[in-house]
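Chain residues, written in single-letter form:
Protein chains: 2
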Amino acid sequence: MLDSKSESLKGKILVTAQPNPDIDRVACIIGYSELLQKQGIDAHPGIVGNIHREALFILENFNVNYSKVSEKSISGFDEFILVDSSSRTGLSENIDINKVVEIIDHRKSNEAHVFKNAKIQIEFVGAAATLIVEKFMESGTELSEGSRILLYGAIVSNTLNFKSNTTTGRDKKAAEWLKKRLNLPKDFVRRMFLAKSDFEGKNVRDILMQDCKSVDKDAKVRFSIFQLEVVDLERIIKDNKKEILGFLKEDKIKQNLDYIFLTGVDLEKGFNMFLAVDDKTKSLLEKALGIKFSGNAVRREGLLLRKEIIPIIERYF
Amino acid sequence: MLDSKSESLKGKILVTAQPNPDIDRVACIIGYSELLQKQGIDAHPGIVGNIHREALFILENFNVNYSKVSEKSISGFDEFILVDSSSRTGLSENIDINKVVEIIDHRKSNEAHVFKNAKIQIEFVGAAATLIVEKFMESGTELSEGSRILLYGAIVSNTLNFKSNTTTGRDKKAAEWLKKRLNLPKDFVRRMFLAKSDFEGKNVRDILMQDCKSVDKDAKVRFSIFQLEVVDLERIIKDNKKEILGFLKEDKIKQNLDYIFLTGVDLEKGFNMFLAVDDKTKSLLEKALGIKFSGNAVRREGLLLRKEIIPIIERYF
Chain A
16 MLDSKSESLK GKILVTAQPN PDIDRVACII GYSELLQKQG IDAHPGIVGN
66 IHREALFILE NFNVNYSKVS EKSISGFDEF ILVDSSSRTG LSENIDINKV
116 VEIIDHRKSN EAHVFKNAKI QIEFVGAAAT LIVEKFMESG TELSEGSRIL
166 LYGAIVSNTL NFKSNTTTGR DKKAAEWLKK RLNLPKDFVR RMFLAKSDFE
216 GKNVRDILMQ DCKSVDKDAK VRFSIFQLEV VDLERIIKDN KKEILGFLKE
266 DKIKQNLDYI FLTGVDLEKG FNMFLAVDDK TKSLLEKALG IKFSGNAVRR
316 EGLLLRKEII PIIERYF
Chain B
16 MLDSKSESLK GKILVTAQPN PDIDRVACII GYSELLQKQG IDAHPGIVGN
66 IHREALFILE NFNVNYSKVS EKSISGFDEF ILVDSSSRTG LSENIDINKV
116 VEIIDHRKSN EAHVFKNAKI QIEFVGAAAT LIVEKFMESG TELSEGSRIL
166 LYGAIVSNTL NFKSNTTTGR DKKAAEWLKK RLNLPKDFVR RMFLAKSDFE
216 GKNVRDILMQ DCKSVDKDAK VRFSIFQLEV VDLERIIKDN KKEILGFLKE
266 DKIKQNLDYI FLTGVDLEKG FNMFLAVDDK TKSLLEKALG IKFSGNAVRR
316 EGLLLRKEII PIIERYF
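Taken in order, these protein sequences are the chains called A and B. Every number in the working numbering is 15 more than the matching position in the first sequence, counting from 1. Every number in the working numbering is 15 more than the matching position in the second sequence, counting from 1.
Any given hint could turn out to be false.
To be verified - Derived lysine to aspartate or glutamate pairs resembling EDC-like cross-links, with alpha carbons at most 20 Å apart:
| id | chain 1 | residue 1 | chain 2 | residue 2 |
| --- | --- | --- | --- | --- |
| 1 | A | 217 | A | 293 |
| 2 | A | 150 | B | 149 |
| 3 | B | 123 | A | 293 |
| 4 | A | 150 | B | 153 |
| 5 | A | 131 | B | 149 |
| 6 | B | 131 | A | 138 |
| 7 | B | 114 | A | 126 |
| 8 | B | 188 | A | 153 |
| 9 | B | 114 | A | 138 |
| 10 | B | 25 | A | 138 |
| 11 | A | 131 | B | 323 |
| 12 | A | 195 | A | 153 |
| 13 | A | 256 | A | 293 |
Keep in mind that the hints were calculated from the coordinates and are not lab data.
Whole structure, please, built from the sequences with the hints as guidance.
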């Protein structure tokens with residue numbers, strides 16, 4: 016595959032994604048840039064905006080070299096590669112979509128067709144990082160330690176430590192390959208997950224807004240689901256319950272929604288907690304998920320991700 | 016990659032493309048079905064409708080086993096894989112686009128986003144067959160002789176025997192890999208090209224209609240370009256000139272076109288011939304391509320494909 020790259024990629028290339036990247040995007044940006052550079056291509060990692068907490072934890076604690084690019088300097092690049100991204104939405108306006116030459120993603124709903132000149136790879140693995148690791152495995156190129164730990168962290172994070180139903184054998188294989196080449200501290204996964212479970216000194220509203228999905232179902236039913244993926248979920252909910260409920264109540268009115276709730280996922284213990292403020296939403300969740308609210312909260316054993324919850328509840332509208 | 020397939024592909028799968036497939040599609044359908052079958056997947060080759068002449072030449076002269084599926088039996092399959100295809104246009108109505116699980120293509124303009132559940136691979140090589148051959152090369156699986164010769168023929172045909180500007184190093188590498196494993200007759204390429212150069216007993220109109228591209232430029236300028244890729248172009252043009260000119264004249268009026276012409280490509284000698292019936296088209300081609308018509312015809316040295324001609328002439332409207 017080496018020839019193919021050098022054949023098609025010319026000029027100064029930015030490997031990038033939507034701004035404010037999470038760990039999967041950061042890992043793909045840094046990892047894929049490294050692979051291309053080692054193939055003699057003038058590729059640059061394009062991290063734009065604020066980096067999510069898990070990625071920051073790795074970058075800062077494991078001495079990974081990284082740099083960010085400004086919105087303004089983006090226009091200095093000749094071509095673009097999008098990783099863990101396949102839509103125009105949210106992309107920097109300085110990226111000319113006709114100059115996007117490659118797309119690597121793992122999400123089902125994509126807008127890949129608008130990128131008329133892009134080579135496209137979309138495969139349904141748990142983490143986009145797995146697709147990048149496979150390219151290293153196939154090419155026989157050695158990865159730097161920083162990229163290894165970032166890509167490993169991305170796979171662990173995206174698959175909820177291999178517990179999510181989106182996990183595939185390929186994710187496990189890629190992570191195994193990396194792990195053999197890493198000397199990880201024993202508590203690595205717990206420490207990374209704790210990094211995104213730290214509510215100290217942060218506004219509850221800001222934290223919730225980081226992971227919200229709003230859906231218009233047939234333009235008739237409108238709902239928003241907030242998700243918290245943390246370690247020590249029970250304590251975090253308890254400490255912040257009042258603020259979360261207040262926020263849900265306020266947002267339901269403000270956005271004129273039919274349903275609104277929070278689903279919390281305990282990354283270590285593998286259970287969910289749901290918070291809801293109105294009887295309509297509570298009744299929907301009780302019917303759809305076979306749970307029983309006590310006041311505004313309920314715990315459910317087993318791990319359910321939001322992307323799995325949405326199709327279940329949609330059948331009950 | 017073997018695990019990934021067996022993980023995601025379930026049930027009875029049809030590997031298919033738009034009906035009336037050309038040699039690239041036929042080769043991909045038969046070749047990819049074979050690879051999947053060897054991975055234990057219940058995959059079936061889905062050739063629908065009439066097979067183009069080059070593919071028929073190989074199927075009939077080199078004892079390749081093949082079967083066709085009827086429009087009706089398509090609904091008996093659980094999932095679909097599209098090869099050398101990424102659009103809905105022209106697909107059988109019996110293919111539920113939500114059941115398309117994989118797309119392998121090499122064309123820039125695609126509709127891949129409408130296939131919400133499909134893993135997507137779109138890479139700009141000369142022949143889609145190259146992408147299939149690479150999968151065999153990577154997996155270490157042996158190909159049957161029939162698939163080897165079909166895939167080789169597809170790469171030769173799509174790249175005009177490696178002369179077209181769309182040819183990449185990957186096409187050459189894949190073809191080399193196949194050639195080493197084949198005992199081809201010396202005149203194989205010429206015989207295959209002759210198979211599509213045989214006008215004997217055929218209606219000129221039918222032959223021209225097999226390779227026509229009509230374009231609406233900004234909904235203002237409308238033009239149609241017919242293409243003939245043959246061996247012995249000069250003789251074929253001479254023998255059929257009257258019918259071709261009559262057809263162009265008639266079609267220009269019928270379709271209410273601004274421009275219409277035929278571009279002929281000599282597959283062996285590497286030159287073009289253009290036929291046009293009206294002064295407006297002749298003047299456009301003369302300016303854009305630096306040629307000079309003598310009557311209704313002109314010869315131009317060097318090989319120019321229609322996909323290269325279109326952007327050149329569009330600048331002159």
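Output the indices of the hints that this structure fails to meet, ascending.
1, 3, 5
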